[in-house]
Amino acid sequence: MCGPQVSELSLPIAAVVFESGQQPDALLLRVAARLDAAGVRLGGVVQHLRAEPDCACAMSLEELASRRIIPISQELGPGSSSCRLDPAAMAEAAALVGQSIAASPDLFIFNKFGSQELAGAGLRSEMAEVAAAGLPLLTTVRRDHVDAWLDFTGGEGVLLPPDEAAILAWWASRGATSGSDL
Numbered sequence: 155m156c157g158p159q160v161s162e163l164s165l166p167i168a169a170v171v172f173e174s175g176q177q178p179d180a181l182l183l184r185v186a187a188r189l190d191a192a193g194v195r196l197g198g199v200v201q202h203l204r205a206e207p208d209c210a211c212a213m214s215l216e217e218l219a220s221r222r223i224i225p226i227s228q229e230l231g232p233g234s235s236s237c238r239l240d241p242a243a244m245a246e247a248a249a250l251v252g253q254s255i256a257a258s259p260d261l262f263i264f265n266k267f268g269s270q271e272l273a274g275a276g277l278r279s280e281m282a283e284v285a286a287a288g289l290p291l292l293t294t295v296r297r298d299h300v301d302a303w304l305d306f307t308g309g310e311g312v313l314l315p316p317d318e319a320a321i322l323a324w325w326a327s328r329g330a331t332s333g334s335d336l
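Under our numbering, the letters of the sequence shown match residues 155 to 336, in that order.
Keep in mind that a hint or two might mislead.
The calculated label-pair distances, taken between Cβ atoms and stated as ranges, are [stated by the list, open to error]:
hint: 1; residue 1: Pro241; residue 2: Ala326; range: 34 to 44 angstroms
hint: 2; residue 1: Val312; residue 2: Ala286; range: 27 to 37 angstroms
hint: 3; residue 1: Pro241; residue 2: Ala323; range: 35 to 45 angstroms
hint: 4; residue 1: Ala245; residue 2: Ala326; range: 31 to 41 angstroms
hint: 5; residue 1: Ser258; residue 2: Arg221; range: 13 to 23 angstroms
hint: 6; residue 1: Ala249; residue 2: Arg195; range: 14 to 24 angstroms
hint: 7; residue 1: Glu310; residue 2: Gly274; range: 34 to 44 angstroms
Read the hints as simulated data drawn from the structure, not as lab findings.
Glycine included, each C-beta is placed from N, C-alpha and C at the ideal position.
Construct the entire structure; sequences and hints are all you get.
Printed below as a string of structure tokens:
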């Protein structure tokens, strides 16, 4: 297992399980907007995808505490099969998330626990830091990565369907005072 692990979690964490080929980004964006409108203080990142000519998509992360948009796709040119994820942009996103941990938002949302996190990279360390700080965490995980997610969390947390109502019900079940009018 690569990278930091989470142990002895005392606060809830949840992962929305999605199938290969599904894109949960729009769902997380809607959930984040609903929670924000209800007064929930958010930290973490959500992903925006934008179709571009001659490119599958351009990716950017929105850091929720600052609302800063960070483009995370590199232009590698036509025919490239290399990873388009920009490591410098990911480091910038990680630094912003790290800064927001001290403010103790009500909930951290991370766009996914994906292949980068499986390899010990991406935002894995920030997810572990959030959990170690005792802050609630919501992310998405592809079904074939669920076992790795459960290893990372020590088997803790809730697995949710990719459904806005289910995610909001999970948040409400925590008894949180912020977002109680969802």
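Verification of the supplied hints:
1. For proline 241 and alanine 326, the Cβ-Cβ distance of about 38 angstroms falls inside the hinted range of 34 to 44 angstroms, so the restraint holds.
2. Here the CB-CB span from valine 312 to alanine 286 is close to 19 angstroms, at odds with the stated 27 to 37 angstroms.
3. Look at proline 241 against alanine 323: about 37 angstroms separates their beta carbons, and that is inside 35 to 45 angstroms.
4. Between alanine 245 and alanine 326 the CB atoms are about 35 angstroms apart, so this pair conforms to the stated range of 31 to 41 angstroms.
5. A hinted range of 13 to 23 angstroms for the beta carbons of serine 258 and arginine 221 is consistent with their spacing of about 18 angstroms.
6. For alanine 249 and arginine 195, the hinted distance range of 14 to 24 angstroms is satisfied, since their beta carbons lie about 19 angstroms from each other.
7. Evaluation of the 34 to 44 angstroms hint for glutamate 310 and glycine 274 yields a failure: the beta carbon distance comes to about 19 angstroms.
In the structure shown, a violation is registered for the earlier hints numbered 2 and 7, in ascending order.
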